[in-house]
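**Student:** Sequence:
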Amino acid sequence: MPVVHDLRCESGHLLDSVVHPRDVLPPCSECGADTIISWHGRRAPGINGFGTVRTDGGTMTTMDFEKHKRTLESRNPGMRVKAEYVSARESDRRVAERQQRILDHRKARGINIDAVRDERVDALERKKERVLRDTLPSEVASKKVAEINHKIARNKATLTT
Numbered sequence: 001m002p003v004v005h006d007l008r009c010e011s012g013h014l015l016d017s018v019v020h021p022r023d024v025l026p027p028c029s030e031c032g033a034d035t036i037i038s039w040h041g042r043r044a045p046g047i048n049g050f051g052t053v054r055t056d057g058g059t060m061t062t063m064d065f066e067k068h069k070r071t072l073e074s075r076n077p078g079m080r081v082k083a084e085y086v087s088a089r090e091s092d093r094r095v096a097e098r099q100q101r102i103l104d105h106r107k108a109r110g111i112n113i114d115a116v117r118d119e120r121v122d123a124l125e126r127k128k129e130r131v132l133r134d135t136l137p138s139e140v141a142s143k144k145v146a147e148i149n150h151k152i153a154r155n156k157a158t159l160t161t
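At position 154 of the sequence shown the residue is numbered 154 (the numbering used here), and the sequence of numbers has no breaks.
Keep in mind that the hints were calculated from the coordinates and are not lab data.
Be a bit skeptical, because a hint or two may be false.
Said to hold, decoys possible - Once the Cα atoms are required to be at most 20 Å apart in a straight line, the calculated SDA-like pairs of lysine to any residue come out as:
hint, residue 1, residue 2
1, Lys-127, Lys-143
2, Lys-143, Glu-125
3, Lys-128, Arg-109
4, Lys-127, Ile-152
5, Lys-69, Ala-83
Using the sequences plus the hints, can you model the full thing?
**Tutor:** Structure, rendered in structure tokens:
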């Protein structure tokens with residue numbers, strides 16, 4: 001499968017070239033010198049099939065991401081898919097802002113946020129009791145209880161300001 005690479009010649013010229021892994025690298029189009037693959041050029045090889053991309057739905061290879069992107073764009077004529085890098089810190093900031101907007105909206109509608117949170121925690125405690133009463137293998141039960149405890153802790157930590 002051909003891959004787009006940045007090629008650099010001995011004189012320092014950069015050029016893009018579609019190279020099949022079995023092909024010999026073409027000479028520089030400007031000076032005719034031998035070329036090598038430049039890993040620090042304008043286009044990263046990862047965009048064309050190496051590595052993985054983390055998405056909201058999990059991870060996929062960059063090649064699969066490009067196929068998915070083309071499929072989405074073909075199903076939505078005139079629309080373009082825009083992918084952007086978001087750091088973990090930025091993602092956490094966005095989540096916190098969204099949670100705050102939800103809380104503000106609920107307060108504006110007169111919803112008692114503390115009562116809703118307490119009701120969720122009580123429902124999770126009841127679910128945990130049911131899991132402990134059921135005759136499940138101990139490792140399955142302990143995993144479910146750990147998940148429920150995590151949800152309880154997350155609900156108790158929810159901001160109410």
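**Student:** Give a verdict on every hint.
**Tutor:** Okay, the hints, checked on the actual structure:
Taking the CA atoms of Lys-127 and Lys-143, the gap is about 13 Å. The hint holds against a cut of 20 Å. For the suggested pair Lys-143 and Glu-125, the alpha carbons sit about 15 Å apart, so the restraint of at most 20 Å is met. Taken as a hint, the Lys-128 and Arg-109 pair is broken in the structure, with Cα atoms around 31 Å apart against an allowance of 20 Å. A C-alpha spacing of about 11 Å is found between Lys-127 and Ile-152, which places the hinted pair at or below 20 Å, so the restraint holds.
Our distance criterion of 20 Å between C-alpha atoms is met by Lys-69 and Ala-83, whose separation comes to about 9 Å.
When held up to the earlier numbered hints, the structure conflicts with hint 3 and nothing else.
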